[in-house]
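2 protein chains.
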Amino acid sequence: MTGPFAFQIHSTDGNARSSTLRTPHGPVEMPAFAPVGTAANVKTLEPRDLSELNTSLLLANTYHLYLRPGHDLIERLGGLHSFMGWDGPILTDSGGYQVFSLAHRRSLDADGVTFRSHIDGSTHRFTPERVIEIEERLGADIAMVLDECADPLDAVYLAQALSRTHAWAERCRAAHSRPDQALFGIVQGGIYPELRAESARILTGLDFAGYAIGGLAVGETKEQMYATLDATCGHLPVDRPRYLMGVGAPEDILESVARGVDLFDCVLPTRIARNGTLLTLTGRFNIRNARFAEDSRPIQEECACYTCRTFSRAYLRHLFISGEISGLRLATIHNLHFMQRLMAQIRTEIGRGTFASFRAGFLQGYRITDQRVRHEQRRRRAEALPAAS
Amino acid sequence: MTGPFAFQIHSTDGNARSSTLRTPHGPVEMPAFAPVGTAANVKTLEPRDLSELNTSLLLANTYHLYLRPGHDLIERLGGLHSFMGWDGPILTDSGGYQVFSLAHRRSLDADGVTFRSHIDGSTHRFTPERVIEIEERLGADIAMVLDECADPLDAVYLAQALSRTHAWAERCRAAHSRPDQALFGIVQGGIYPELRAESARILTGLDFAGYAIGGLAVGETKEQMYATLDATCGHLPVDRPRYLMGVGAPEDILESVARGVDLFDCVLPTRIARNGTLLTLTGRFNIRNARFAEDSRPIQEECACYTCRTFSRAYLRHLFISGEISGLRLATIHNLHFMQRLMAQIRTEIGRGTFASFRAGFLQGYRITDQRVRHEQRRRRAEALPAAS
Chain U
4 MTGPFAFQIH STDGNARSST LRTPHGPVEM PAFAPVGTAA NVKTLEPRDL
54 SELNTSLLLA NTYHLYLRPG HDLIERLGGL HSFMGWDGPI LTDSGGYQVF
104 SLAHRRSLDA DGVTFRSHID GSTHRFTPER VIEIEERLGA DIAMVLDECA
154 DPLDAVYLAQ ALSRTHAWAE RCRAAHSRPD QALFGIVQGG IYPELRAESA
204 RILTGLDFAG YAIGGLAVGE TKEQMYATLD ATCGHLPVDR PRYLMGVGAP
254 EDILESVARG VDLFDCVLPT RIARNGTLLT LTGRFNIRNA RFAEDSRPIQ
304 EECACYTCRT FSRAYLRHLF ISGEISGLRL ATIHNLHFMQ RLMAQIRTEI
354 GRGTFASFRA GFLQGYRITD QRVRHEQRRR RAEALPAAS
Chain E
4 MTGPFAFQIH STDGNARSST LRTPHGPVEM PAFAPVGTAA NVKTLEPRDL
54 SELNTSLLLA NTYHLYLRPG HDLIERLGGL HSFMGWDGPI LTDSGGYQVF
104 SLAHRRSLDA DGVTFRSHID GSTHRFTPER VIEIEERLGA DIAMVLDECA
154 DPLDAVYLAQ ALSRTHAWAE RCRAAHSRPD QALFGIVQGG IYPELRAESA
204 RILTGLDFAG YAIGGLAVGE TKEQMYATLD ATCGHLPVDR PRYLMGVGAP
254 EDILESVARG VDLFDCVLPT RIARNGTLLT LTGRFNIRNA RFAEDSRPIQ
304 EECACYTCRT FSRAYLRHLF ISGEISGLRL ATIHNLHFMQ RLMAQIRTEI
354 GRGTFASFRA GFLQGYRITD QRVRHEQRRR RAEALPAAS
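Protein chains in written order, with the numbering used here: chain U, 4 to 392; chain E, 4 to 392.
For the record, the hints were derived by calculation from the structure and aren't laboratory data.
Predicted, not measured: the structure shown is a model, and the values here were computed from it.
Among the clues, some could well be false.
Examples of chain U residues lying across from chain E (beta carbon under 7 Å, computed) [said to hold, decoys possible]:
1) K46
2) R71
3) F86
4) Q303
5) Y318
6) S325
7) E327
All C-beta atoms, glycine included, are put in the ideal place defined by N, C-alpha and C.
Input sequences plus hints: build the corresponding full structure.
Following this line, the structure appears as C-alpha cells:
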C-alpha cells in the first residue's frame, strides 16, 4: 500500500508483525493500542498528556459525537483534530456498535437502522451512506464501515446479519470519497470459522485500506475469542493492517498479537482506572483497598509514569476514598502508561524475534482477573446502554 | 524578621506592599494568592500543574486532613509536603472555620470545641493545644491559631467570642514548638473597628510571625469588608505579613492590597471553575451558555494558559455539557492562571508605583458579579456544611 496511508511491515515473529501505518497526521507504530476518547476527549486527560504517554492513535465515537455536539458543528470548527486539540492520528468507529447496543430503542431494516438517542430520546437514522458522510465530516484519519455487531454465539442470526453487513460494507466503500481518510472494513461472523472466512473473503474483495475484526469480546470466552482469531487472520491480506475492535486486556492483546493482530482499542484501561483499578506486571489491584492505607510505595516500583514518580499508594487511596477527581486522572495516566509501555515492548520483542518468550514470561507473572469486566460487558449489553469510555 | 521566615518588603505604593516571605520550602512573593487544597489536593490538579501556574503557596485544611486520612498517617508518610508531592510552601488553617460552620454539630466551651465529623458522625475535640499538635504533625510551613469565626454583624456575641479567641491564641503560641513552622495569629472582631483594633493590639503583643484577618467574606457587604480592612491594617505591625483569609474575588483582592494586605486564599477560582464559570479581564461568564456553542475563540484572547492556548470555547462548552471531567480541570487551570497572573501584575505595579492606576483600570473593565457567590456562602453557613474547595 502506498500513498498517505502506506503500510509497512518491519518484522514478523511467528504470526506477530511489527509495522508502521502512515496517516496524514503522523505514523502509527504497530502493534498499537488506541485509547478511547468517546466524546472527543479521553476522560480526565488532555492532548499533552496523551503525547507524554506516547499515544499514537486515538479512537473517537461517531455515535456520541453525532448526537453531541454534532458532526456539522465539529466540521465547522475545523474537524475533529482541531476541535479536540489533538494533531495526531484519529480513528472513528461507525456508531454501529452503540446503535445495536440500544436494543429496544432501534429498528433495523435492509437499508439501515433507526434509533432513539440515549440523551434525549429523539429519533435518528444511520444508513451506510449517512455514516460515511458523518465520518467524513468528522475528518478522522481512519473511518470504519457501518456493520452489525450481533451475538457472537447465535449462528442462525449471524448468517443473516452477515449478508447485511457485507452489503453495507460495499455501500460504505462506494460512498466514501475523502482521499485523506482511510476506510477499514469489518469482518464479522461471531465465533464461527466458516462465517469469519466468508466475511474475510468478501471484504477483502472490496479492497479496504485495513480490516477490523468485529463482534468479539462481547460475551464469548477467551478461548473462543482466540480460536476465532486463529480462524480469521489467515484469511486477511498480509499487506493491510488488522484491527481487533474493543479489546484491551493485556493478556488478550498478547494472545491477539501472536495471532497476527496489529491494532487495538478499548475503554478498559481508562474505565477501570476511574474505578481505582490499576494495571501492574503482576495483575490488577484496586487502590481503594484498606491494605494500601499506609503503603508508601508507588503503584509499581519500576514504572516511570508521572503518578508512580510522584505519589504513594497511600496518597492515591486517600484521593479515591475522599472522592477527589485527581485520583481518577492519576490512575488513568498510570494505566495508559502501562498499556503504551506494553505495546512498545511488544514491538521491540517482535523486532528481536523474541516475542514468544516475552509473551510467555509476561503471562506467567500476570494474574488474569477480568471476569468482572466480561460480566460488566454482558450486563451493559443486557441493559442496552450505549458503551462509553 | 530574620531566620527561616524572613519577611522583606521591597516596595510600597500607598498602603500596598510588595514583599517576600521566606519559608523552609521556598519564598512566597507577595501579594500572593494561595489556592486551596482541601484534602491535600487542589481539586483536578497536580503539583506539576501548580508549578506551571506559578503557584508559590498552597492552603490545606486541617479539619479535613485530621478526619481523613488523619494527621498521624500523614506524619508517618513524611508529612504533608511528601504526602501530596508538593515541595513548595504550604499553609494549614486551624480547622476552626470548618468546626464553627458545623453549627448544631458542635459545642463550645472555654477550653475548646467538641464536634461531630461530617463524614461519619464520630465525636472529636479541638483545643488550642490539640490543633497545634495536629498542625505540627502535618508539617506545613505556616500554621494558624485556633480562633472562633463568629457572625461579623453580631456585636454582642463577637465581644464574648473575641476574649476566647485571644485566650486561645495565647495558648496556641505557648504550645507551638516547631522552629521550621511559622505560626500566624488571627485578628477577629467582625465589622466593628474598636473590636478589630483591640484584637490587633492583643495579638500583636503575642508577637506572631504573621497576622491574619479572619471573619470576613462571610456575610457582610463589600463596603463593610473594605471599611474593616481600613480599620484593621493600621493596627498591625508593618514588618509582618498580613493575610486576609477566605478572600479571592479579583475586585476584593485589589481593594485589599490597596489597604495593605499581602496574602489571600480562597476556593472561589477553583470552585466556580468546576461550575463552568470562567474569570476574564471583563468579568466572569459561564461556559455552559448556549451562545458559546460555536465560539471558536479561546476563553480570553490574550491569555497564555494551556486551556486558552489549546481549546475553543465551543470545545470547553461541549466538555461541560457532556459531563466530561476534563472540562472541570481545564476551567480550573484557566481560573488559577488568571489569579496568578493578576497577582504577578499587582506585584509589578506596586514595584513601579503605579498600583493605584492599575487597580482603577482593572476595576473599570471588570464587571463584578459575585452576588451569587456571597449568597452561596450564606447558604453554606445556614446549612452548616463544612467548607471544601
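Hint by hint, here is what the structure shows:
1. Because the beta carbon of U:K46 sits about 6 Å from the nearest beta carbon in chain E, less than 7 Å, this interface hint is met.
2. For U:R71, the shortest C-beta to C-beta distance to chain E is roughly 6 Å, which falls under 7 Å, so the interface hint holds.
3. The interface hint given for U:F86 is met, as the beta carbon of that residue sits about 6 Å from the closest beta carbon of chain E, less than 7 Å.
4. The interface hint given for U:Q303 is violated, since its Cβ lies 17 Å from the closest Cβ of chain E, which is over the 7 Å cut-off.
5. The closest approach between the C-beta of U:Y318 and any C-beta of chain E is roughly 6 Å, which is under the 7 Å cut-off, so the hint is satisfied.
6. A hinted interface residue such as U:S325 counts as satisfied when its beta carbon comes closer than 7 Å to some beta carbon of chain E; here the least separation is about 5 Å, so the hint holds.
7. Given hint, U:E327 at the interface with chain E, holds; its Cβ is 5 Å from that chain's nearest Cβ, closer than 7 Å.
When the structure is compared with the earlier hints, a violation turns up for hint 4 alone.
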